[in-house]
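Peer 1: Read off the chains here:
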Amino acid sequence: MRKLMKFVLFASSLILFFLIFNCSQKLSPVESGIKTGTLHFGNQTEPQDLDPHITTGVPEFHILGSLFEGLVNLDPKDLSPLPGAAHSWEVSDDGLAYTFHLRNGARWSNGDPLKASDFVFSFQRILSPALGAEYAYMLYCIKNARDFNTSKISDFSLVGAKAPDDSTLVIELDKPTPYFLSLTAHHSFFPVNPSTILKHGKIDTRGTPWTRPGNLVGNGPFKLTSWEINKIVSVEKNPLYWDSSRVSLNTIHFYPIENNMTEERAFRTGQLHITANLPPQKISWYRQNRPEVLRIDPYLGTYYYLVNVNRKPLDNVNVRRALSLAIDRKAITENLLKGGQNPATCFTPPEAGGGYRCDSMVKFDTTEAKRLLAEAGYGPGNPLPLISLLYNTSETHHMTAQAIQQMWKKYLGIDVTLVNQEWKVYLSSTHGKNYDIARMGWVGDYDDPNSFLDMWITDGGNNRTGWSNAAYDSLIELASRTADKDSRFAIFREAEKILLSELPVIPLYFYTNVYLLHPSVKGWDPNLLNIHNLKFISLK
Amino acid sequence: MIKFILRRIFLQTLPALFLTVTVAFFLIRLAPGGPFSSEKNVSPEVLKQLNSHYGLDKPLLIQYFDYLKNICRGDLGPSFKYPGRTVAELIAEGFPVSVELGTYALLFSLLTGILAGLLAASKPGSARDFVSMIISTSGICIPSFVLGPLLVLLFGLKLGLVNVSGWNSMSDRLLPSFTLGMVYVAYIARLTRAGLLETMVQDYIRTARAKGIPERVVMLRHALRGALLPVVSFMGPAAAGLITGSFVVETIFSIPGLGRFFITAAFNRDYTMIMGTVVFYAAVIIFFNTIVDITLAILDPRLRSRLNEKT
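Respectively, the protein sequence lines represent chains Z and F. One point on numbering: in this note's numbering, the residue at position 130 of the first sequence is 130, and numbering is uninterrupted. One point on numbering: in this note's numbering, the residue at position 249 of the second sequence is 1249, and numbering is uninterrupted.
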């Protein structure tokens, strides 16, 4: 027995010695990355695919933005359009035609020349009904694109995308779309290499292996070198990229670390330069102890409650107003969430579209809330019927709902039941309008107030409240036909005023993007869309 | 023997698999929401195309028979969530990692469990017995989502001996294997202890002692062999459990195994992926149980004849 014990002790000491020796010798990945120009990027989840016409998530976009380049890039600081695959462009006086001039000598990562017809091919691909691209609607501003995507027409030559020669691309729009240039930086507008796509299937075949390492051909600053499922996606500098002299990083490793606690620990031990997010309970610690790595950036997103206006008593606008007025948003953001979120003053986040600001109408006023509830006929003698508050499983949603439940009880004497559902069940409930009040969040696809306001038009796909207002609909329609920025913003302000006086949605707070960033990462500027073009990033 | 094995496969294994496929197929379809529902609205046209592409627009019974036909050909279908990948491919990438993790965990739990059992049984009722059983039983009491981060805190963050996550170097295997294996240490320790205590009162042990053989030799050379039989029969379900039940550990340590796909597929309503992993895991569990039964049947002819009678 003693011999056995001795053996076990010896073996354990050997393992320990090996570990200490092994670990004390090497630099952390972050430290060695600074020397070799290798960025270690916490990217949250395993990418769904690397096909820019199929994917829909933010983690995928981080990788795609390094492998492909749209007609324009967005300025990392203010999101204004910068030349990308196109070196210049002209817009017709009526704002309906864009002529893009592609760079001479621009090439795909396999050496093929990048032609204007490749963009036409790509637009045809994402709009092909059989591909089933969820983001095809991003191109609906192009003339006849919607009709082609919904099979109303089958001749793509009727769609407003033409390539008169190899370096000229002309795009005709249905309506003047002032944010169109920003849209072309979205991955749904990225070009794909026609010969690569056709080598692995037809133009509209979904899920072919063209995105695998060795197959994928891109036109971005980096090219794909490896993709190990649930482990790592690696890209390296593309020497054929037109602006490769400006690209400082040699390699980027994207890690799909889903658990944010694991990701934070990986950052703390020097395995990551950047995390995708930070657990809320860690924010205070980093604020006090390591403020130099904590980043809290504004984000183009709103957290809000949907109200089913078809259900009693929520069909009464005064009840909805009373509920909104009885929420102390500041208490929620400062005492509960603590992630630098700003209490919502309206629905569209401030500075959307480069300077939009609505008239702040969302307030905390319990006296007015009580008065409105009484006006609606409810009070101590006639209490409001029990309403339910639905949210999907998440600690943050749960805490927020509990806080609001207490506020409504305290200030209005209203009883609310909390309903927690698993994600897909919750989606099914909200899509089927099977709820009273439900939590929801919206992040803009592009930097314009339209991204937040056109969803509330009558029967809009994302309007799951049952609310309809003809004046609102016509204002949104008018804005879509108005090219002048100031006039458009004024129209949006009017529309938002209607939305916030009717309150089919109760805005709660504006999102922030909270994450950790190693001080060696340079050129990482905060912006509303959380877009960081990796060609501008360096390590020092 | 061959007759027994064939009977086992055709009369028990295949019907069990068929039943699993059928129940899983219809059960997952009862869950609200579909693979393509998302927070942002998906247009009816796109939804129609997606459903038609994956055959979800056909009647459910037709889909079921199509699925049965496909799995008979070994085709588990494409993943809905990862459109560029097939389910078989995702399993082929993730399963070897889960097997590796499970093997290390099993080895760890066997070594530690048997050692704890030996220590406990060497002086039953003593402080040594009490302490070994308390330590090994703590593995069951402390869930892996608590034990894992605690180990990371100590060995990864405080001492800096190992990486806190990932699956690259050999040292990355230590903490996850320990976390996963701890649950089974107590079972193995208790089985070993009980087996030893039972064996130590047998006549042949008394004979060995009478010959003047030292106590530790009696225990290690004579008693342990017989005492380990229950541990061997426990290894089948334990191995299957370790290989298929590593979701939490894989998430905590960011390990690219199959467990993560199994759980996320259910949340995503990735029907083919759920079916693929359920069928695959069922096959693994049935395989391990069959192997144990066959091994026991080989060891014990009485059991074989009893099983033959039953089947």
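If you are wondering where the hints come from, they were derived from the structure by calculation, not from laboratory data. A couple of the hints might just be wrong.
To be verified - If you want the footprint, here are the derived chain Z segments under chain F, 3+ residues with CB under 8 Å:
1. 51 to 62
2. 127 to 141
3. 187 to 193
4. 317 to 327
Where a beta carbon is used, it is the ideal one built from N, C-alpha and C, also for glycine.
Peer 1: Tell me, which hint numbers fail for this structure?
Peer 2: Structure breaks hints 3 and 4.
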